[in-house]
Amino acid sequence: MMALLFSIVTLAGALGAAFFRHLLYSVLALLVAMTGLAGLAISLGFDFIGWAQLWIGVGAVGVAFLFVLMLTRGDPSEAESGRSASGSWGGWAVVGILFAFWVAKLRSGLYFWLWNDSRVTTEEIGRRLVQQEAIVLIAFAVFLTAALVGVVALCSKEEES
Amino acid sequence: MTAEAYGLISAGLFILGLGAVLSRRHAALTLVGIELMWGAGILNFLIVARFRADAPPVTGAMPALFGIGLGAVETAMGLALILVAVRRWKSADLTKWKTGDSK
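So the protein sequences, as listed, match chains A and B. For the first sequence, my numbering gives the first residue as 1, with consecutive numbering after it. For the second sequence, my numbering gives the first residue as 1, with consecutive numbering after it.
Honestly, the hints are just simulated from the structure, not real lab data. Glycine is no exception: its CB is placed at the ideal position from the N, C-alpha and C atoms. Warning: the hint list may mix true and false statements.
[Unchecked claim] Listed next, the stretches of chain B that the computed footprint assigns to chain A, with coverage defined by at least 3 CB atoms under 8 Å from CB atoms of chain A: (1) 5-11; (2) 33-42; (3) 46-52; (4) 55-68; (5) 75-86.
[To be verified] Reference excerpt, derived from the structure (chain B facing chain A, CB under 8 Å, subset only): (6) L16; (7) L18; (8) G19; (9) L22; (10) S23; (11) H26; (12) A92.
Turn these sequences into a full structure, and let the hints guide you.
If you want it as structure tokens, here you go:
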């Protein structure tokens, strides 16, 4: 029941994000979709992943989007946040064909997969992160720092020029 | 819910994201589409981890966890690039970036 509810929330949010013409509404719909995704992760038994998605995917990403919307507020092109007339139909036609193909593949491929009942605890994820995945975790931390420095350098360089 | 049902949700999410990327002109809205596709990818990892009995579910949780972090990095980089581009071309319209048109 919970999974069904979160599925509806996710798809409704995604529909809003893809179709709302107003920039702010589109971003808010994205946050709804991300919240639904977090709920789906929890309903699948990955509690920690669900909460991480909620904090990072909804909180951090949402705030970043809203900051950029505020900073580009004076931009006159904000008003033209809709879809291009010619590109819109072509794009959605391609998407429709892909979706039909994908559904056909899904029906033949996933039907016999069975629910694996063991739940994933935070302790298990933590142990895995500092043991088997320790190198990946360190590399990831370095990558995050490099990305942060890159973003700051990118923005400050433009400010000077 | 079955793996098939979760797979359909993931497919729907990805397709809507792809549609947004292909049909929007505003750079931030294109990034919104990329975020939706990214979310579908993370959900796929979790579905496979949960429904495949030949590996412990935590195996699939790891790429999903790193994927969430990478998604935040991708968004931050994307938004920074959008800010720089808007300052340069005075427009968030992707078609104007492509042609180098400046207002």
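Quick rundown of the hints versus the structure:
{"no.": "1", "hint": "5-11", "result": "holds (count 6)"}
{"no.": "2", "hint": "33-42", "result": "holds (count 5)"}
{"no.": "3", "hint": "46-52", "result": "holds (count 6)"}
{"no.": "4", "hint": "55-68", "result": "holds (count 9)"}
{"no.": "5", "hint": "75-86", "result": "holds (count 10)"}
{"no.": "6", "hint": "L16", "result": "4 Å, holds"}
{"no.": "7", "hint": "L18", "result": "5 Å, holds"}
{"no.": "8", "hint": "G19", "result": "4 Å, holds"}
{"no.": "9", "hint": "L22", "result": "3 Å, holds"}
{"no.": "10", "hint": "S23", "result": "4 Å, holds"}
{"no.": "11", "hint": "H26", "result": "5 Å, holds"}
{"no.": "12", "hint": "A92", "result": "5 Å, holds"}
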